[in-house]
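Given the coordinates of chain B, assemble chain C onto it according to the supplied hints.
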Amino acid sequence: MQNFEAGSFDVIVIGAGHAGAEAALAAAGMGAKTLVLTINLDMIAFMPCNPSIGGPAKGIVVREIDALGGAMGKVIDKTHIQMRMLNTGKGPAVRALRAQADKVLYQAEMKRLMEEQDNLSIHQAMVEELIVENNEIQGVITQVGAIYRAKTVIVTTGTFLRGEIIIGNLKYSSGPNNQQPSLKLADNLRDLGFDLVRFKTGTPPRVNSKTIDYSKTEIQPGDDVPRAFSYETSEFITDQLPCWLTYTNERTHQVIDENLHLSPMYSGMIKGTGPRYCPSIEDKVVRFNDKPRHQIFLEPEGRNTREVYVQGLSTSLPEHVQRKLLESIPGLEKAEMMRAGYAIEYDAMVPTQLWPTLETKKIRNLYTAGQINGTSGYEEAAGQGLMAGMNAAARALNKEEIILSRSDAYIGVLIDDLVTKGTNEPYRLLTSRAEYRLLLRHDNADLRLTKIGFTAGLISEERYERFEAKKKLIEEEIIRLRKTIIKPNEETQSIIRSKGGTELKDGIKGQDLLKRPEMTYEDIAKLSPSTIQLTDEMKEQIEIQIKYEGYIEKSLLQVEKLKKMENKKIPDQIDYNAISGIATEAKQKLKEVRPLSIAQASRISGVNPADISILLVYIEQGRIAKISG
Amino acid sequence: MEFDTIAAISTPMGEGAIAIVRLSGSDAISIADQIFRSPGAKALSNQLTHTIHYGHLIEPTTGDVVEEVMLSLMKGPKTFTREDVVEINCHGGIVIVNQVLQLVLRHGARLAEPGEFTKRAFLNGRIDLSQAEAVMDLIRAKTDRAMNVALGQMDGKLSRLIATLRQALLETLAQVEVNIDYPEYDDVEEMTLPMIIEKSTWVKNEIERLLQTSMQGKILREGLSTVIIGRPNVGKSSLLNSLVQENKAIVTEVAGTTRDIIEEYVNVRGVPLKLVDTAGIRETEDIVERIGVERSRQVLKQADLILLVLNHSDELTIEDERLFEAIHGMDFIVVINKTDLEKKIDTQRVQELSGNRKIVTTSLLQEEGVDQLEEAIASLFFEGSLDSNDLTYVSNARHIALLNQAKHTIEDAINAAQAAVPIDMIQIDVTRTWEILGEITGDTVEESLIDQLFSQFCLGK
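Chains B and C, in that order, give the protein sequences.
To convert, note that position 567 of the first sequence is 567 in the working numbering; the numbers rise steadily by one, no gaps.
To convert, note that position 226 of the second sequence is 226 in the working numbering; the numbers rise steadily by one, no gaps.
Chain B extracted, bound-state conformation:
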């Protein structure tokens, strides 16, 4: 085939899933001339698995993406069919928003955003080869021989790399949802010297809504209060669709037991490592065989379709067994299966081959983001895509790189975990992975990250000014409550009584009264009204910041220690072999991960505190040598 020059760009993004879309929008938004190449333009931001966005940890990632100037929050705000705030009773650190998406509308909206974005070209093509010279990326070559040159390239190919779908004993080469897999690029990456691993994930069957007997299920409505992910959203969707809950039973489990030999999971046909947090129904039944039933959520895939996602029934059993499974479940006895569930195996990068900017260590100016890095989940992919897009653009435009710390954002936790520790199963964010989760809340994502988005050029001047004004009002109100004394008069006592608290003996500072568990900001505001008009969002901020001040301060103290260790940078040219005293295993890990700071080094498993001490002394020695030499 004849190769031809097809254009030259600052940033090329391969793939337009949740990672690719954010990467492209961010790079273009920062002013880099950007090209997106995708196998199928109709599949931009497609959701091959559950039609939902958000949830614990993940929902906070969406807020963070929005605060940094990304798209996911805005798009889901316009295209959801229902939203719920989760964990409202469990404390502010773990509150999280989750939306059920209209899959088709979500895709269309993301595609529209990309089409309208300045500096962004979109083209349907399959990339087969990366052009690399002197360990530096130069561009890409597509299936038709088109050569696109670029300063930086971001690979966001998700589960397409040597993807294989497995249903029962049927196995065929395919991307998700029977799309074209990417075969040559996987070989190319291996030839370039990258370590790839084989991962597995799966999806449940979809059924036709008109064949479901909802009277046998429980309704799961959205919240009555209008909700939104984006700090920018001002129009809310009020017309929500419910989800439905049903359960498996002994018959379902019996069907699985009888047909287990037909499951590729147990026949040995699937070799890839699947995620523990997302087991197939056959896994659940085998591993937890004492449980009499498992929950099954019926989630509509959109407003203009009858397709319903059967959450909880992920399986790779043969299609005829899947039919029997559905028949055994109340409400689904007569359900018509529109698509069968399947397992998919794919190649993923070993993520310790990446710098915290998501640039590969081997090839300069080449970045990878999303499921290719061993994660799972749309939000995890989008968060990485955004950061890779920002960093690739920053590199192309000679700007400073952007690395989020573990204390800045869940996105920081996610990327640090990947590049420092690696993962031996598809990685999912959980709130328990964040050591400073009290600081990484749903409510304060803007306070944490808007400035970073603004500095990068992804947040408009106008939005930033609004944010600054909000921040100022919050701070002023906190100071006011710190000073204001609330008198123990009858009005005060009656409010306290009605809340079940103990009456005041003396006057008390507004903030101290608010710290009582039973009191809310609104109670205090009744007794001592603010002169300024505060939004509910601001009130929530004020209440959390005052109420949990002690815990927040404890966390901040830990963060301060972390920052000190983060500020101790490890020189890039350090020769770990030359350091006597570091244990052999630690040396190996350090050479592989090549941590940027002492803080990152100390998080590598197998590197113990004594190794860190020695490393500190060695680096200090080098510093003194430089000064005196």
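Calculated from the structure, these hints are not laboratory results.
Small disclaimer: the values here were computed from a predicted structure and weren't measured.
Where is the CB? At the ideal position from N, CA and C, for every residue including glycine.
Check before you lean on any hint, since a few could be wrong.
[Said to hold, decoys possible] Per the computed footprint, the stretches of chain B lying under chain C, defined by three or more beta-carbons under 8 Å from a beta-carbon of chain C, are:
#1 91-98
#2 175-187
#3 493-501
#4 609-619
Relative to chain B, chain C alone:
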């Protein structure tokens, strides 16, 4: 460079006349100020650098005097580490110096890692380049040795017990986490505040029990500090000699200290006794006369066990009664000696004075009754407040410090749960407790929470 404040015993372990506990870091002086009282009640922070101060260490929460000390105050940067340094000179002896160390650890200092003072000295530019290699070797060597020592000291029972506590905390945490990360799964039992309080209280009680046994561990390691008292010529030195002769002495004469203490280590039916010859029983035979009741009270206070010797062939005297007074409330055994001679003692009065303590009659001259005495000592130790089947010994200073920290964090969790603080905050302190306990056994693998989550619960799409 700013560091937290570290502390360690910087004199060799063992019985010396003087031992030094050294503190270094930005809070060294403020920590010392919390626990040090000089006669003029001067604050150390207002004193000149490189000065020495006499005074007492106190436990500020109770006001109890811990030890009489000389304290060297050295403000940075002209110190070994270039940080503020306080050196507490206290009396030698493992028990005292450990008490001092624990006191500073309870009030904000962290136990220094091996070689950490030297490391700080280096990082703060105090040691020149040529010494850097040596510092690294030192850290490695000391760490390896300390690790071996710590492992050697760690009783299998202790690590199993800690593992049990950690597992209980981990299961609690996993249940909290699963409710948080998978809120839609209604079939997982919600971890309620009362459940957290119950679990945490159990863990707290176990930690407290371990801390109590740390005292017993000390006794087993160092011996039950035993003092023999009695009027002149009742047979104190005979008792000492027969205990030593009958039981092979483990250590003899640790002399040369300022206070001329002679200690004999003997093993009585599995109970190690450290027989303290406080003021030289052999010399004068007259403890009452020599040091007076007031002073003997001071000496007796440090003993774990008192053997009070009375004369069978003599009537009870006022001195005897005063001795009973002096040891009131302590663990003691009454030895009525000289049963080979005619009985003049009022045994009913002795019984009254002894309360529920054991009384043993002996004739040391005829070598009678020593067996019964030994049995009494052994049963006092093994049956008293101690459950000998359930002894877990915590002796390492680092372990004790960590257990104290763990106790505080779990108390914070309990208090927060009682105040109905949201579960995600309480979880912070529970997690911290789990981590601290892990530092004792050397397991702090973070992944284990996530492993627990997925093995304990059935989750997924």
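The hints, checked one at a time:
no. : hint    : in the structure
1   : 91-98   : holds (count 4)
2   : 175-187 : violated (count 0)
3   : 493-501 : violated (count 0)
4   : 609-619 : holds (count 7)
Hint check: violations occur at hints 2, 3; the rest are consistent with the structure.
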